[in-house]
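Colleague: Heads up: the protein sequence lines correspond to chains A and B, in order. Heads up, the first sequence is in this note's numbering, so the first residue is 2 and it goes up one at a time. Heads up, the second sequence is in this note's numbering, so the first residue is 30 and it goes up one at a time.
Hints may contain errors.
No more than 20 Å apart at the CA atoms, straight line, and that leaves these computed lysine to aspartate or glutamate pairs for EDC-like [said to hold, decoys possible]:
| # | chain 1 | residue 1 | chain 2 | residue 2 |
| --- | --- | --- | --- | --- |
| 1 | B | K161 | B | E134 |
| 2 | B | K317 | A | D338 |
| 3 | A | K460 | B | E171 |
| 4 | A | K167 | B | D355 |
| 5 | B | K174 | A | D338 |
These are computed hints drawn from the structure, not numbers from a lab. Note that this is a predicted model, so its numbers are computed, not measured.
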Amino acid sequence: MVFLFSMQSIQRPLRTFFLVSIPFLIFGCAHSIPSSTQHQRLPFVGSMAVEKFTFPNGLKLLVVEDHSSPTFAYQTWFRVGSRDEQVGHTGLAHLFEHMMFKETKTYKDGEFDKTLERAGAEGENAFTNRDYTAYVQEMPKDKLELIVKLESDRMVNLLVNEKAFKTELEVVQNERRFRNENSPDGLMYQDIFGVAFQKHSYRWPVIGYEEDLNRMSAKDATDFYKTFYSPNHATIVVVGDVSAIEVYKLVEKFYGDFKSQNDPANTIVSEPPQTQARHKTLKLNTQVQKIMMAYHVPEITHPDIPALTLLSSIMAGGKSSRLDRALVDQGITTSIDIFDLDDKDPSLFILFASMQKGKRATQAETTILKELERIKKGPIPVDELERAKNILLAEFYDKFGNAKEKASFLGHYETVSPGFSTGIEILNKISRLTAQDIQAAAKKYFEPKNRTVILGVQK
Amino acid sequence: MKLKLTLCLLLVGSFVAASAHALEVKFERDTAIPMVYLNVAIKAGAAHDPKGQSGSSYFMGQMLRRGTLHKSKKEIDLAFDQIGAQLEVETRSEALILRGATLSEKLPEFLKLVGELITEASFPEGEIIKLKREVVSKILEERGKDGALARTKWEEFLFTGHPYGNPIKGTIGDIENLKRRDIVQQYDRFFQDQHILIVGSGDSESALIDTWAKNISAKRPNRKRKDDIQMVSAPPIHTKRRVEILDKPERTQTQVFIGQNGVRMTDPEYFPLYLGNHAFGGGSFSAKLMVEIRVKRGWSYSAYSYFRQGLQPRSWQAFYFPATKDTPEAIALGLQLITDLKENGITKDDYEFAQASLVNSSGFMFNTPQKRVENILLERTLQLPDGFMKSYGKNLKEVSWSEVNASFKKFLKPEALSILVLGTAKDIKAKVAKATNVPENEILVVPFNRD
């Protein structure tokens with residue numbers, strides 16, 4: 002299975018569900034929006050549009066009116082993740098995310114959660130990635146002002162006390178045990194980045210290293226907050242049964258006076274090109290062997306991303322994909338997955354498979370390499386290309402089933418790229434790709450020296 | 030990341046019902062995106078696996094995609110991928126659901142294909158051999174995933190010997206011994222019109238789905254069977270506290286389940302218990318279990334309690350995953366909190382908070398077509414009244430504080446709780462014995478890789 006977007010079925014032109022381009026901008030809507038706030042109306046899914054506001058303090062607001070249910074999704078995306086951490090302070094972005102649910106100057110510890118829950122919030126949550134941290138919830142339609150008020154408060158008024166910090170540190174250590182230390186898959190995922198990257202901050206796990214976490218103090222969290230949690234580092238996304246102008250007014254009311262902060266000095270080191278293949282074997286508490294293989298690929302905005310995305314679909318996008326045929330049908334693995342193609346900085350194209358009983362991970366490695374060579378040189382039939390595009394198209398639409406998913410799409414692309422339209426442009430480009438484009442990308446990136454392999458074997 | 034349980038799902042709005050035949054069809058038109066979601070559900074599942082054939086329902090479900098009278102697995106895979114459609118088979122204890130999704134413009138091809146799988150499944154021997162290897166390998170792989178392994182073993186432990194304890198994928202021994210005739214028999218038992226429910230939503234006319242369903246029905250005439258699906262009996266109730274350690278080496282963290290038999294959703298005590306459970310451990314960050322285990326002590330990333338539902342009373346359990354070093358204390362605290370819940374109930378404040386929270390969020394149980402589809406699946410497979418899931422808000426609003434506490438007093442059996450701990454036995458056994466008041470020599474220690 003792969004992560005994907007495609008705008009068009011090969012057989013027929015795409016219905017105009019997704020507008021194929023972003024041709025028009027409408028500035029300064031009628032509703033008394035001051036000229037200091039930029040306003041654009043941009044096409045989105047079907048008849049829906051995105052109202053995009055950029056406030057003088059740098060805060061961005063995206064609103065999609067969708068009146069199919071008397072609810073709305075409200076998400077706040079901060080452009081800070083583990084890539085922005087420093088050596089010795091790994092895991093701070095994620096740990097800080099936990100602290101955002103604690104006391105503020107306005108609300109006592111626990112009051113944020115309790116107020117939202119009492120109001121009927123659904124799916125109140127947060128997540129941290131390499132590139133961003135997002136706070137999400139869905140609310141009944143009459144609770145718009147409440148959520149704007151609460152979210153704006155914690156953007157500037159959070160209090161970090163040492164006791165709460167230490168307790169939350171324990172929680173995070175426990176989360177680390179759960180996600181990594183006691184999870185064979187988690188350990189392999191940690192190592193694929195740890196081995197493939199040697200300079201860039203993608204090399205450490207989002208959850209952080211145990212020893213770094215143990216060294217952290219409340220002061221680290223406070224400094225982090227002051228540096229990264231400001232309106233100019235955030236995008237608010239609201240999708241659902243709301244009026245865009247009402248949302249704008251409320252956000253202006255509650256966030257309008259917040260001051261922007263200077264961007265921190267960019268200390269992120271570019272990853273030098275990998276010059277030779279890297280290989281590591283992990284001894285794990287597992288009953289079957291596993292393999293994770295990765296190639297360095299460019300950032301999400303790079304022109305080769307559509308081809309790599311389509312390539313991932315050809316290789317592992319369905320049960321008839323090349324690797325499913327060569328690995329699962331041949332009795333070597335139980336599954337094959339490809340993931341991680343959507344990072345802000347150059348990242349990894351990762352293939353992951355679990356072996357069938359008694360099979361060795363090296364068998365899968367040999368087979369995958371053979372298939373990657375085959376796609377570079379052999380033909381890619383038209384119907385195979387069409388199949389891969391159709392799979393991506395269906396997966397794309399499948400991600401738009403509700404307000405929360407639409408908001409996540411907008412927040413993700415708005416945060417890792419210049420704008421959410423990046424996600425739509427990728428779709429458009431995929432629909433136009435040819436077999437030659439795919440093979441060119443395969444030749445460019447699937448080189449031995451660009452490869453890292455982690456094998457997981459039984460202890 | 031914060032971890033939360035979401036409420037279960039929802040129910041019926043503008044569905045079009047068209048069941049002039051025993052096979053029931055419900056489809057909700059939704060043109061928001063050019064997709065159609067279609068579920069073919071069988072009202073039987075792993076709890077109906079014959080003795081010695083655990084996993085046979087799951088296996089039969091997976092085999093549906095692996096051959097028909099006219100198509101090989103390879104051709105089926107190609108046909109689905111060619112139209113960008115998906116079809117996965119989910120097996121539950123009392124339901125087997127084919128979950129399909131397709132671009133709406135490809136719906137005719139998709140329906141034709143799914144119809145062929147359902148009516149012309151051929152269960153080729155070669156594919157049975159291949160699937161056996163895959164399923165056995167998946168069972169082995171699951172042993173590397175502590176959370177999933179503990180969940181499976183918890184059900185087996187709580188319902189020892191009862192069909193609710195049947196592992197969905199089966200045991201390795203049973204899977205290896207499955208014969209083609211066993212699989213065909215399971216298929217014939219399950220795919221009878223009276224057991225089939227077709228529910229979907231999306232960008233299509235409901236008439237198209239209804240016509241398709243009628244054709245399916247015509248191709249599979251009902252036959253009387255001696256081994257027709259029967260409702261499972263109620264699981265036995267344990268009378269004393271029991272502890273099992275699922276022994277796995279080198280664990281720095283344990284998985285802890287504490288629980289007992291549950292109640293049916295139609296039981297008069299259900300809504301009081303549901304509301305009370307929300308206050309106690311319903312996944313909220315304000316719930317007692319979360320506050321005591323995570324917020325105050327930082328012992329576990331998550332801590333919650335929940336009901337699992339069946340046609341018979343199934344289970345209620347608390348779950349958390351503390352560090353090995355904190356496990357004995359965390360178990361002792363969990364037991365104390367459950368005992369307190371029985372003796373003292375929840376506070377008035379907690380009751381009011383839980384009620385407001387649940388009632389105000391109840392609209393999220395049916396605010397999308399896909400949730401409404403899930404609600405129908407739940408109502409039909411668990412024999413709940415029409416509209417049951419949509420009635421949560423109203424029912425919870427009518428529950429009083431005294432009803433909550435009276436229900437817990439009657440329901441909870443702290444002295445007869447079952448406790449399962451996945452961890453390294455040598456590091457925790459003696460301390461767990463002390464924490465649970467179960468003599469060390471009565472604690473079952475089971476190797477994590479025992480079939």
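Colleague: None of the hints should be skipped; say for each whether it holds.
Modeller: Going down the list of hints, with the structure as the test:
1. B:K161 with B:E134: Status violated; Cα separation ~36 Å.
2. B:K317 with A:D338: violated (39 Å)
3. A:K460 with B:E171: Between K460 of chain A and E171 of chain B the Cα gap is close to 16 Å, so the pair holds against 20 Å.
4. A:K167 with B:D355: holds (16 Å)
5. B:K174 with A:D338: Roughly 17 Å separates the two Cα atoms, so the pair holds.
The structure is inconsistent with the numbered hints 1 and 2, although it conforms to all the rest.
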